[in-house]
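Chain B: place on chain A using the hints.
There are 2 protein chains.
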Amino acid sequence: MIKATVLYKNEEGKNFDMKYYIETHIPLVKRLLGSACKKAEVEKGLSGQTPGSSPAYTVIGYLYFDSIEDFQNSFGPNANEIVNDVPNFTDIIPVVQISDVII
Amino acid sequence: MIKATVLYKNEEGKNFDMKYYIETHIPLVKRLLGSACKKAEVEKGLSGQTPGSSPAYTVIGYLYFDSIEDFQNSFGPNANEIVNDVPNFTDIIPVVQISDVII
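Chain order of the listed sequences is A and B.
Using the numbering used here, read the first sequence as starting at 83 and increasing by one per residue.
Using the numbering used here, read the second sequence as starting at 83 and increasing by one per residue.
Honestly, the hints are just simulated from the structure, not real lab data.
Don't take each hint at face value.
Capping the alpha-carbon separation at 27 Å, the derived lysine-lysine pairs in DSS-like fashion look like this [claimed, not checked]:
(1) A:K120 - B:K96
(2) B:K126 - A:K120
(3) A:K91 - A:K121
(4) A:K126 - A:K112
(5) A:K91 - A:K112
(6) B:K101 - B:K91
(7) A:K101 - B:K101
(8) A:K101 - A:K91
(9) A:K91 - B:K126
(10) B:K91 - B:K120
(11) B:K120 - B:K101
(12) B:K126 - B:K112
(13) A:K101 - A:K126
(14) B:K121 - A:K96
(15) A:K101 - A:K120
(16) B:K96 - B:K120
(17) B:K120 - A:K120
(18) B:K96 - B:K112
(19) B:K126 - B:K101
(20) B:K96 - A:K101
(21) A:K91 - B:K96
(22) B:K91 - A:K91
(23) B:K121 - A:K121
(24) B:K91 - A:K121
(25) A:K126 - B:K121
(26) A:K120 - A:K96
(27) A:K112 - B:K96
(28) B:K120 - A:K96
(29) B:K126 - A:K121
(30) A:K121 - B:K96
(31) B:K112 - A:K121
(32) A:K101 - A:K112
(33) A:K120 - A:K91
Just so you know, these numbers come straight off a predicted model, no measurement behind them.
Isolated chain A, as found in the complex (with noise of 0.2 Å):
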């Protein structure tokens, strides 16, 4: 299986707005990829490795796929409306990769 994994860095003065994340973002990539896209998962940073110190990373999302051809098929086409969907939770620009599932 196939990830792709968006990570939003914790960036002092940056703004996340996770209601818009969960609600909307998310349902929307959801509809425009389709079937395509098997799961979606959201974690909220809480903490670096020691309790109270920041983490690297505000939002990590990730959408699965069964093959890098689902994802290139699906997502292509839908890019742009995607991406430009972005500055309406965030100022922050994500870094994206694409990873396999090993366990």
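Positioned in the frame of chain A, the structure of chain B alone reads:
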């Protein structure tokens, strides 16, 4: 649910032994943490957002716990043994964060 997310940055000239990580390190961690650790997941970075680009992270590992207390109580007493095993599979210093699983 709580996740410990362990990110191994993709740095030039660094090594990562995936076989040791999957076959020895993750089982060691699960054994030490016991029933507090509900699940372990591992992804291997294939590319950045565009095909052929480099992923930000070579490997990202995830450990799931019911609560921060479960993480702290199980990880704390075993932290040294876990951290001391890291040089056996990589010379990358991982970034660790504790996250809340939103969806």
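Evaluation of the provided hints:
With a C-alpha separation of about 33 Å, the suggested pairing of A:K120 with B:K96 is violated against the 27 Å cut-off. Between the alpha carbons of B:K126 and A:K120 the distance comes to roughly 19 Å, so the proposed pair stays at or under 27 Å and holds. With a C-alpha separation of about 22 Å, the suggested pair A:K91 and A:K121 falls inside the 27 Å cut-off, and the hint holds. Between A:K126 and A:K112 the CA atoms are separated by roughly 19 Å; this keeps the pair inside 27 Å, and the hint holds.
A distance of roughly 23 Å separates the Cα atoms of A:K91 and A:K112; the hinted pair therefore holds under the 27 Å criterion. Of the pairs offered as hints, the one joining B:K101 and B:K91 holds, with about 18 Å between alpha carbons and a cut-off of 27 Å not exceeded. For the hint pairing A:K101 with B:K101, the CA-to-CA distance comes to about 40 Å; that exceeds 27 Å, so the pair is violated. At roughly 18 Å between alpha-carbon atoms, A:K101 and A:K91 fall within 27 Å of each other, so this suggested pair holds.
The suggested pairing of A:K91 with B:K126 holds, with an alpha-carbon distance near 20 Å, which does not exceed 27 Å. Distance check on the hinted pair: B:K91 and B:K120 sit about 25 Å apart at the alpha-carbon level, within 27 Å; holds. With a CA separation close to 22 Å, the supplied pair B:K120 and B:K101 stays within the 27 Å bound. For the given pair, B:K126 sits about 19 Å from B:K112 by alpha-carbon distance, which is consistent with the 27 Å threshold.
With a C-alpha separation of about 12 Å, the suggested pairing of A:K101 with A:K126 holds against the 27 Å cut-off. Simply put, B:K121 and A:K96 have alpha-carbon atoms about 32 Å apart, too far for the 27 Å limit, and the pair is violated. Note on A:K101 and A:K120: the hinted pairing holds, with a Cα-Cα distance of about 22 Å set against a maximum of 27 Å. Between the alpha carbons of B:K96 and B:K120 the distance comes to roughly 30 Å, so the proposed pair goes past 27 Å and is violated.
Straight-line distance between C-alpha atoms of B:K120 and A:K120 comes to about 22 Å, which keeps the hinted pair within the 27 Å bound. Of the supplied pair hints, the one linking B:K96 and B:K112 holds, its CA atoms being roughly 25 Å apart against a limit of 27 Å. For the hint linking B:K126 to B:K101, the alpha-carbon distance of about 12 Å falls within 27 Å, and the restraint holds. For the given pair, B:K96 sits about 39 Å from A:K101 by alpha-carbon distance, which is inconsistent with the 27 Å threshold.
For the suggested pair A:K91 and B:K96, the alpha carbons sit about 23 Å apart, so the restraint of at most 27 Å is met. Only pairs whose Cα atoms come within 27 Å are accepted, and B:K91 paired with A:K91 is accepted, the gap being roughly 14 Å. At most 27 Å may separate the alpha-carbon atoms for a hinted pair to count; B:K121 and A:K121 meet this at roughly 17 Å. Of the supplied pair hints, the one linking B:K91 and A:K121 holds, its CA atoms being roughly 25 Å apart against a limit of 27 Å.
Restraint check: the Cα-Cα separation between A:K126 and B:K121 comes to about 18 Å, which is no more than 27 Å; the hinted pair holds. Distance check on the hinted pair: A:K120 and A:K96 sit about 30 Å apart at the alpha-carbon level, beyond 27 Å; violated. Proximity of A:K112 to B:K96 is assessed by CA-CA distance (about 36 Å); at most 27 Å being required, the pair is judged violated. Proposed proximity of B:K120 and A:K96 is contradicted: the alpha carbons are some 33 Å apart, above 27 Å.
A hinted pair counts as satisfied when its Cα atoms are at most 27 Å apart, and B:K126 with A:K121 qualifies at roughly 18 Å. The hinted pair formed by A:K121 and B:K96 fails the criterion: a straight-line CA distance of about 32 Å is larger than 27 Å. Taking the CA atoms of B:K112 and A:K121, the gap is near 25 Å; set against the 27 Å cutoff, the hint holds. A hinted pair counts as satisfied when its Cα atoms are at most 27 Å apart, and A:K101 with A:K112 qualifies at roughly 16 Å.
About 25 Å separates the Cα atoms of A:K120 and A:K91, which keeps this hinted pair within 27 Å; it holds.
Hint compliance for this structure: hints 1, 7, 14, 16, 20, 26, 27, 28, 30 are broken, all remaining hints hold.
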